[in-house]
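Engineer: Protein chains in written order, with numbering that gives the first Met the number 0: chain A, 0 to 269; chain B, 0 to 269.
Everything labelled a hint here was simulated from the structure, so no lab data went into it. Ideal Cβ placement from N, Cα and C applies to all residues, glycine included. Be aware that one or more of the hints could be misleading.
Said to hold, decoys possible - Computed footprint of chain B on chain A; a stretch qualifies when at least three of its residues, placed anywhere within it, have a C-beta under 8 Å from a C-beta of chain B:
no., stretch
1, 60 to 66
2, 178 to 187
3, 242 to 255
Unchecked claim - Every beta carbon over 10 Å from chain B, so not counted as near; a handful from chain A, in silico:
no., residue
4, Ala103
5, Asn131
6, Arg137
7, Pro141
8, Asp142
9, Trp156
10, Pro161
11, Thr166
12, Pro167
13, Pro170
14, Asp230
15, Thr238
16, Pro258
17, Ala259
Protein chains: 2
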Amino acid sequence: MKTDRQFELECSRRHFLKGAGTAALGAAGITALATSIPGFIKDANAVGASMEKWPWPYVKLDPDKTAEIAYNEWYRVFCGAAVINAVFSQLREKVGEPYKSFPADSFVFLEGGMAGWGTVCGSNAGANIVSNLIIGPRIGGPDCEHGHTIGSDMMDWYSNTPLPTYTPKEPKQKTAIIQTKSESPLCHVSVGKWMDKSGFVLGSAERKDRCARVAASVAHKLVVDLNAWKDATFKPKSTWTPGKTFGITAQQNCAECHPAKVPAPPTARK
Amino acid sequence: MKTDRQFELECSRRHFLKGAGTAALGAAGITALATSIPGFIKDANAVGASMEKWPWPYVKLDPDKTAEIAYNEWYRVFCGAAVINAVFSQLREKVGEPYKSFPADSFVFLEGGMAGWGTVCGSNAGANIVSNLIIGPRIGGPDCEHGHTIGSDMMDWYSNTPLPTYTPKEPKQKTAIIQTKSESPLCHVSVGKWMDKSGFVLGSAERKDRCARVAASVAHKLVVDLNAWKDATFKPKSTWTPGKTFGITAQQNCAECHPAKVPAPPTARK
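Start from the sequences and build out the full structure, keeping to the hints where you can.
Structural biologist: As structure tokens, this is what we get:
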């Protein structure tokens, strides 16, 4: 059994290495959390819906156009629904169903890390929703794998990239929007670090424009990845498999919430 | 401008008071985060989908039956999709559309706090999805208000209740499952505190059954609240409005991640 100190060292080392990883572990890392379900395919429609046939038809989209839609949609439906609509509004036109029947505007509640609670950034949640709706859930079989991995890659990229990366063509705020790296997929941490560095309050026009640009940045990367998946060239970059590596679901910034000592989860059934 | 110390004291006091609140602030508290959009109603279908007419038809469901479905669905599609399917599988039968067209199984990725990252517990996310799909998003107008408040109330209840509260009729694990209070809507914190107290590892059958029972507990409360909303008797209990109160999106356990000093967000535009 690992001691707390051994676990802490391993966590620190892992944190150090996280930017360098290139191996494609994909969905495999979550197996400590939940076993795969061999009966899923045949049972899929036991209580499932008629839209649960994957992949949904997808045509490649222009990342810049998608980012522009996301930026403007943020000012109507905020981060999560903006990312979903940036992709789905185009696919409703180019493809039709099942995109026409997906109620994206109901996902306004993803704002502020879910109804203002500061949990997962709505842009990350929106991207995961899009990739898993189009490609399917990981337990849907090998063809559905990249619904999960595109979503997980997004959280890794979001955590380790100075955001926002995308500058809209006609920004509502003309002043410069500084970039900050969140080291976390959470709204509270991402917005908090940006507010701390920029000095702007939550209700400011600058903070709102920053979040609109983050939604645009995420939507841009999402379509780059979906286009690669369509071309069968998508390769996951994230090596983040906390269930397997650490024995607990987790983000990457252990010491940020556990500054004195990173607690070790139990390692063997008692 | 508040000093860090003043902010910390206010946060501690607020944390102390959180269990006692009964005022119904509902969706109002998020106004610091995002202004309401008067044009939303008329613009709703600018890029919106055909299912975006709220509320969706709802018939009252049996909370115990719903919890049983969620418990068993957890073993097929895990927490988030289990909560969605617990409600929607019944409404597909009793109502039909638009429930038949909603692809709930795609939401497997909510597992482990979104693809194993330990962010918001999938049961909370699933409950928010259900309430906001049925009742509508908060910016859809006064009739849609409780989509948001039922979801936010769920995260408050989840954070402040020893979970799981529901014991299935035929539990897969016959041993007792201890209850723990997470003080957080996050998977990492909720599962971590349970693992710490119980001594069971993430991959254990006991941990899995605990999470299946948490999904069942959440599904039970969700239907109690939806039934009350249908009867026009639902009253929000949560007073958690961090954007308004603290100037940042946040959960309730400030000192848990900021043990030395709770940082104060900027309070005025520079």
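Engineer: Which hints from the list above does the structure break, by number from lowest to highest?
Structural biologist: Per hint list: 1, 4, 5, 6, 16 and 17 violated.
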